[in-house]
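Chains as they are written, first to last, in the working numbering: chain A, 4 to 193; chain B, 140 to 1122.
Among the clues, some could well be false.
[Unchecked claim] Lysine-lysine pairs mimicking BS3-like chemistry, simulated, CA-CA at most 27 Å apart: (1) K524(B) x K638(B); (2) K638(B) x K651(B); (3) K164(B) x K236(B); (4) K409(B) x K24(A); (5) K303(B) x K24(A); (6) K1039(B) x K1082(B).
Everything labelled a hint here was simulated from the structure, so no lab data went into it.
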Amino acid sequence: MSNPLPEMIPLSALGGRAAQKHVHGPVTLTEVTHLALASVAARHGQEDACKKHLSTLLGQAAPDVEELVMNDPEAAFWIGPNQWIVGAPHDSHEDLAARLITRFGPSASITEQSDAWAVFDLQGDALPVMELLCPIDMRTLTVGRARRTTIDHLGCFVTRRGEDHLRILGPRSSAGSLHHALLTAMRAAH
Amino acid sequence: MTQKNRLEGGQIDRSRPLNFTFDGKSYSGFQGDTLASALLANDVRLMGRSFKYHRPRGPLTAGSEEPNAIVELREGARKEPNTRATTAELFDGLVAKSQNRWPSLAFDAMAINDRLSNFLTAGFYYKTFMWPASFWEKLYEPIIRKAAGLGTLATDPDPDSYDKGYRHCDLLIIGAGPAGLMAALTAGRAGAEVILADEDFTMGGRLNAEAMPIADQSCSDWAAGVVVELSNMPNVRLMTRTTVIGAFDHGIYGALERVSDHLAVPAEGKPRQILWRIYSKQAILSAGATERPIAFENNDRPGIMLASAMRSYANRWAVTPSQRIAVFTNNDDGHRTASDLHAKGVKVAAVIDVRADAPSSGDYEVLKGAHVADTMGRLGLTFVKVTRADGSERVLECGALGVSGGWNPNVHLASHQRGRPVWNEKIAAFGPGDTLPQGMHAAGAASGILSTHGTLESGVETARRALDAIGIKAKAPALPEAEDAPIQITPFWHVSGAKRAWLDQQNDVTTKDVKLAHQENFRSVEHLKRYTTLGMATDQGKTSNMGGLAIMAELAGKPIPEVGTTIFRPPYTPTAIGAFAGRSRDEDFRPVRKTPSHFWAEEQGAVFVEVGMWLRAQWFPREGETHWRQSVDREVLQTRKSVGICDVTTLGKIDVQGTDAATFLNKIYCNPFAKVPVGKVRYGLMLREDGIAMDDGTAARFAEDHFVVTTTTANAVAVYRHMEFVRQCLFPDLDVQLISTTEAWAQYSVAGPNARKLLEKVIDPQHDISNEAFPYMACGEISIGGVRARLFRISFSGELAYEIAVPTRYGDALIRRLMAAGEEFDAVVYGTEALGVMRIEKGHAAGNELNGTTTALNLGMGRMVNKKKDSIGSTLSEREGLNTEDAFKLVGLKPVDPEKPVPAGSHLMTKGDPVDAAHDQGYVTSACFSPNLGHHIALAYLKRGDARIGEVIRLVSPLTEIDHEVEVVSAHFIDPEGERLRV
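This is chain A alone, in the form it adopts within the complex (with noise of 0.2 Å):
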């Protein structure tokens, strides 16, 4: 055996060993990388079962229409008709996918997606840099909603955590163009 092979070491969505931060006045944006993903998607006549489990996963009724559930470990939020997304911390929860199967069994369908997501923070005066990047009236994206929008001309989640706290999911092939877009705005708003 010649030289040992390269090890996987993951990437951030920006392509970076660690997550980047900017501050620019008084906001700041933080890329996420500590996330495992998966969605949830009830199957025919299992909804109330699938709610069910996720109900008892997240201490609380299962996130309405729009809303955000936060938990510790496990948050999620409406996305669809009978479908969510799940977060939980990646160290604990790599494998969140095959443990949130074998809890729903044959009530839903669960699918990774840690990676198909580029999630960044954006904390402080969020507003007026939120107005210049999508059409949200962020007056009733209250604390605890979740909404799908479009940033940049890309399709995104936006979840409103803490009156000063929304986190932004966008597709993490394009985290550079929405990265950008985030810090553009940031600079002609502040």
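Keeping the supplied structure of chain A fixed, place chain B upon it in accordance with the hints.
Chain B only, in chain A's frame:
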């Protein structure tokens, strides 16, 4: 520099003087000035030349309706032609130039057109430059363009950026004059979410331009006080420098905010302008009214302006266009100008009022029942000739003349959805009718209410009505005391008998042109507009349309409302294309998608190509390679000889799960899928409902209820959308769930005789991928360095090949690992060009063959359409027209002369037949040079192609002068039996 026409007072900041130049000459003004007010202060009345006749012109207005004072601002890449001096905010160092003159504004050689005006009447161009047709492009058009040009464009790219934004509100108030301010106050105090937008940089509208008091304050101070209260309300957003340009569906409005136009250079990172999309539940149009001129002989000289503009300049900017002025009016409002300027110490030569019963004044002479017969002064007004009621003439010396013909409500936005304005006899003007856009209400002067008290009251009442419609009860604020003069007007549109009385000063349309159009039977106002150009250009006839209509009505012997108005369309004022583009320009035109090996490929010096939004490596040049073909040939040869690696992440991946997943795929694909064993991949062809081939790909069965479907890169989204449609609408009873995983997995093709050997080095040792354990078309879950991975034994190149996928975050690591492990095999990485060459050599169809016109039969896959089941497109693929005897069949082509190319797009002709469409036999879809065969090859659709193998036919492309012979061969150039795939 002295500002000899500067008066006392005004809303300018005299502590902040600003220097600027106009046509190279230096002047000074103050903070708060517009370019027009500063030039007038410096006794400059001449600001431009007219479009057609190059007549000397000065500002007609003090606002965005300006037709005349059109200038070029700034220099270099920021130069902007056709801007209005009347709205351009003065800043220190502003460079402005007049336009449409040569060699100078004072002496313009093109003014010769004015002498030729007898010939240059309406329709002159249409009538004159008809013949000969060939002269148009080369001779007439360049001459006309040079003579009639407006400003000149900067030829460098615009260095500024533009943003788009979105705002939401309960109530959008358009215009912050008295009605808008009161409406905002009413709604703001009621707690409604309010946006108040105004095109001006100071809110207040006419309140900033008038001298009368409100309550015990000047009306501008009262307005400023209201603005302060509004700015302290968190639920009210004030948007100055913001023009609402259009009313669109569902309460959506377009608004252009000029964020940095008043600065020399925008602040770092800040846009120059923002195009807002405002979502409103209700809207109030309080955009005010525009005064209209009266047409009379030589009414276009610099110094002649609207009476309200003269008042604005005096009251707001403390400027008079001349120390000696006169006023020509048909209504009481004109008298206000005279008294305001008189109060400021300007000499009023006389007020000429067409009404015999005009009010008198102790401060200046009023010539009742009189009209202006003519004016004098080449580059600026010097004398006005008046015809008095008794027919006698009198000449008045004055440097400026204020003209008032009454006020037109600004109904534009009320009419953007084809709402028809309605004639209001009381003010002799069109006002908004009852066909306003949904949720819009007109208030104040925009609704035809012209007194200050009336507009304030109307603002309150309209706001309460609008809020009531969305369930918000608002209290009426106390109304401050304000003037409430009745409207006294006698309609008077033009002085009859005038030879050159200008209606549309921007387009040089006279009353005579309108008469000529009528005489030539242009009866519709829309035809009148196009024939005479009345109301075209940047001002869209804001000061001229009404006059044209009135004369038209007079000629036709009809009342004005029967003549009607032309259609109003957005934008309300000129809007830069850059604002519509927003940030979507240059490298940010669209977002890009990068593959997981992108950064590594960049390190390798890959040449990228855009495939949709994806950036894919096209080839990887090595040192010494000077031509792309060298790189591509090497990549192809080495892959077929040893092993090659290609990033195929861009192929669409759709996760299909559910107990009915197999049944679902059986509907989607025309070939059978119900019995695909777990752990196997099957090639699938999907048809559109009309039987035409839609896309092809593979479906790998990971479990009874779990497939991973791949699509072509180009159709990934379209196929996913199609599958969702089928799931939700056609077969809602099937238990199937879909989600895209294209981005979630990094996928590489490893192809070539050494593919297995290389992979065995890379994957974790417990996985057996020998031919026996993992045969052709197998799929399974494995691991690489402990990382979960998926392996598929599928081949696009025709070689022994695998596709291997890992979570995207490991994609970069995997390509490095594959290349390191491949060193001992001289493994190459290959790009999309080599991929294309190998699939053509193998005869695989791709986008070029699945071109939206071809069927399974054409592709040589007719028998794949399984008739033992029903699938989408199956039935319609049986249509007679798609199954003719001479249907296209996919074939291969090779040149008879091996040196010749076989370019895609060429057509095929039977030898001996004429080269014409009627004899066309088919066309080439894909072509390349095959380094393995040493000559060009191609795939083509040929009529009855499968029966013509071995025939020599003619390849033609008359446009590119190709005409040579090619031989029809099997589309499978390499390994037609498919032995290599299975070893």
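To see whether the hints hold, each was checked on the structure:
1. With a C-alpha separation of about 15 Å, the suggested pair K524(B) and K638(B) falls inside the 27 Å cut-off, and the hint holds.
2. Taking the CA atoms of K638(B) and K651(B), the gap is about 7 Å. The hint holds against a cut of 27 Å.
3. Between K164(B) and K236(B) the CA atoms are separated by roughly 10 Å; this keeps the pair inside 27 Å, and the hint holds.
4. Using a Cα cut-off of 27 Å, the hinted pair K409(B) and K24(A) holds, with the two alpha carbons roughly 21 Å apart.
5. Distance restraint check for K303(B) and K24(A): the Cα-Cα separation of roughly 25 Å lies within the 27 Å cut-off, and the hinted pair is therefore satisfied.
6. For the proposed pair K1039(B) and K1082(B), the alpha carbon gap of about 23 Å is at most 27 Å, so the pair holds.
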